[in-house]
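Chemist: Chains as they are written, first to last, in the numbering used here: chain F, 6 to 168; chain H, 1023 to 1367; chain C, 38 to 537.
Don't take every hint at face value.
Restricting the straight-line Cα-Cα distance to at most 25 Å, the calculated cross-link-like pairs of lysine to aspartate or glutamate (DMTMM-like) are [stated by the list, open to error]:
#, chain 1, residue 1, chain 2, residue 2
1, C, 170, H, 1220
2, H, 1080, H, 1345
3, H, 1333, C, 88
4, H, 1124, C, 88
5, H, 1134, C, 231
6, H, 1360, C, 222
7, H, 1327, C, 325
Source of the hints: derived by calculation from the structure; they are not laboratory data.
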Amino acid sequence: MPAAAPSTDLKIGTSHPEAEHLMQHSSIFDVTIDFSRSHLIFPTMMAILLCILGLAILATRWRGIAASLRSDGHWPSGIDQPRFFGTLVLILVYFLAMPVVGGLFPNRGFGFLLCSAPFMFALSVLYMHGRDTRKLGIAFLSALIATTLIWYLMASVFNLTLP
Amino acid sequence: MTRFFTELGLAAGLALISTAGAQAQEFPSNVRVVIGSTSTGGDTYQASSFIASALSEKLGINAKVDAVGPTEAFKAIARDPSGSTIMIHHDQSYLGYLYGIKGYEDIFATYKIGPTLAVNPGNAYLVPKNSPYQTIGDVLKAAESGTRVRVAIQPGGVSEIGFSALKNAAKIASPGSEANIVPVNTGSQADKDQLLFDGQADVINGSVQSNEQYTRLAADDQKAMRFVWLTAEGSTIAGGNESGYGETGRDALAQFASPNASVTLDGSSDFTFDKVFFMMFNKDMDPALVAKIDAALKEIYAEGKLAETLKANFFVPAYRPTDEAAAYLQKKNDDYAKVIEAIRQ
Amino acid sequence: MELLAHISPMFVLLVFVGTLIGIIFGAIPGMTATMAVAVCLPLTYSLGLQEGLALLLGLYVGGISGGLVPAILLNIPGTPASIATTFDGHPMNQRGEGEIALKLGIFASLFGGIFSLVALYFFAPALADFAIKFSYVEKFLIIFFALTIMGALCSNMLVGVFSGVLGVLVSLVGAYSTDKGGNGEYRLMFEFMEPYLSSGFSLLPVLIGVFGLSSILIEAEEGVPATASTTGTATARQKKFRLTIFRGQGVNLFRSAFIGTFVGLLPGVGGSAASIMSYSQAKAFSKDPQSYGKGNPAGIIASEASNNGLTGGALIPLLSLGIPGDATTAILIGAFTLQGVQVGPLFISGNTDVWNMIIVAMLLANIFMFAMMYFAIRHIARIVTVPKYILLPIILVMCVVGSYTINYGIMFDVWTLFLFGLFGYLAHRIGLEIAPFIIGFILGPSAEIYFVKSLESFGTLTIFFTKSWIAGVLWLLIALSIAMSVWMAGSAGRAARDPK
């Protein structure tokens, strides 16, 4: 059974008898910090401040906010949906695949190597305008060379861990 | 460049065959040593990289050290029973649990304890050079006579265990007086030193490595300090480098350690704390692989080259094979659990 | 000349190589000076003390300097310390003045580097003794001062402060770290997040997420227009870089280099605070504060002079107290120990040779940094002519590598990149401000620890005013900074209501 973290309400200012005496005349500015609860002090302060600021923004700018909510043409209309959502999907697949592939060959960075090249190529094709053989070729080479180079430098030369 | 193409070919080839099971007896060729520290400048990283490179050479593998920190390191070995991931950490790994720090589990139940490797004997307590406390005994006496003594520590582990021992000793000497030893909870060594300079702490936890030069400053320097206690066992220090550290020799250091400086554990024997580095594995790792590591380390330590490197960097070689290590750490764990339990309010 | 006795061809070569690798690490979004030093540390085992330090110090200076390149050209800070460089650097690049901005940054970097080196060489022990006068209280006030810039960074002060406070709050997610003296308890998260977020979100993935990934998402949303990479091409208008651009910037240069050096020497305050503080000072004392953030060269000068000022500054506590001034110098301690050199208050007097060699290495590194970057700039600036369909995937993969490797191989950091990329995109859609958010995020944890520890130690709020004369000076600066923000918000408001 783990013991609880040491909880000591510590006030160094009170270490000397004189100081303790002075502390009796405590003013409204005096605070005692309970160490075991001290992790909540700053987050609470910030959360309250954030709420106040949020309300202030609402109060000063509610007209603009309401207008933008009412206006037509809600997101995602008006954006390049194939490219935007395509990017998100590709990133998701890429991130999910990397550790899985990497797990097959522990600690060699092959997960990165084998996933990044197709990902880069796919993303290039997605972003390309007027796809032709030349551009596709450039994208293919770039994906292949860039990933291999990065992998070689990071995993082999600098001996860093890659997925 | 040849190696580069070989690796590339290997990637393509290995993609076709399943690697599970078939080669479990072989030691994995690429091993990741995760450590319980995020610092690449600290003692854990240093000790681990000596061990990892010695093991790499002995086993013909590529072992690299990753400073991922305790939480991530525990997760990494919990995930991987293949032996490709092993962890090196020190007493913090069970002390964190004893102190109830979030993110720590009972290592004896959750992981397989591996061999112990080395001790860093540097864990120390210091006072300002002009402090009225000459020895750690003076500190305890002061607490007994009702003086508040503020000790700057980092809560929840290695830095706190010596502090807990002080409280425990005070309690044994005079029940109730332990309340006079109060912690000043802080973080890095810089913060602890700063509290001493500011007069916000009477005693600080520090280390021989980072504070030795401060003990050589002239007494009128605001930064001057004095060792009062090293938590390591006197015999551990005796096993280290003869020249000690900096300009403080081994024998001088031993003056601050048990039995010369005594903080009692139970009224009869001294409390000591050797910060020992040891390995941890996944619970389900193949015992054959563990045996391989044990055998390799045994040879490495017998050869003596690693021991020399460790000593030169102020570590004390402390190899114990897996079984012995588990019993040794379990005993430490139980002793310290008692100390922490005794002073719990 | 005693100093020159330490120069061997190998020594010079290693400083050169170190600086070059450092610049490359710094220039790649997601790679930092800290990482450069960390990955090269094992290489120094086989080198001697002199050669090892030559390499590492080159890496350090190069790594800090390289960060300005992506900050200006891609609007992604290469290292956390170059955030403030994006504020004016990127607008200049969009105007087609990328090359000028880069050269400006390099000059300022050189100045900052040399300034801090002089401070290091002549005043290290005295400065270190001054640094230890800064307790929790003064350090909190320094952080608070840096935070006050949040309001002045964007057109609407309220939104800026809101974004900044949000950044602070997000930075507090996870454990109240025992490493910094907290109690290790979790806050601001649900139980299912604990396995991932016990140590909170890492800075670097958050940084390149909100700057890098989000800008790729914004590009994607706009259909990745087929033009070259940035809106203006750097070579479109052949504006020449002239040293006259520095006219009237002398005070700014000195002040920024001083702030950089000074903040660098305070352990635990952190390098990013330095460039932010000098930026806000440059703006506060400017005759034309409204032009900041829209491509004012003075903004780049402030940021770059101070982040290179860090290099010498952070070495001061390392070499005269044995305490690292920042994350990179923390690794240098390891390098020293391995070479059998003990750093601490007696280091400089006891190791004159090593000390001189460090100074020479730093000086050379600064000169090499300047020479390499100055002459490479023309080519580096052409990165913007690479077609986007090639460039963006490379940037993205580099961001992934950086996120994964920054903490030595943690997949959650890559997901952090994704999450904050989405957040950055969303913030852009709903009008939150990224710059104050990230400043809040960077400074939040230090602000917390110093604030709470001040109260824990002294038990009264009045301590922030009464601790020392240094606190008084800091309050003066804080008041000035806040007054500046309010005045600017007011005049911006008047300008909006009364458009002549």
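Chemist: For each hint, tell me whether it holds in the structure or not.
Modeler: Hint check:
1. 170/C - 1220/H: holds, 8 Å
2. 1080/H - 1345/H: holds, 21 Å
3. 1333/H - 88/C: Judged against 25 Å, a Cα distance of about 24 Å means the pair holds.
4. 1124/H - 88/C: Violated, because 43 Å separates the two Cα atoms, which is more than 25 Å.
5. 1134/H - 231/C: Holds, because 24 Å separates the two Cα atoms, which is no more than 25 Å.
6. 1360/H - 222/C: holds, 23 Å
7. 1327/H - 325/C: This hinted pair is violated, its Cα atoms lying about 66 Å apart.
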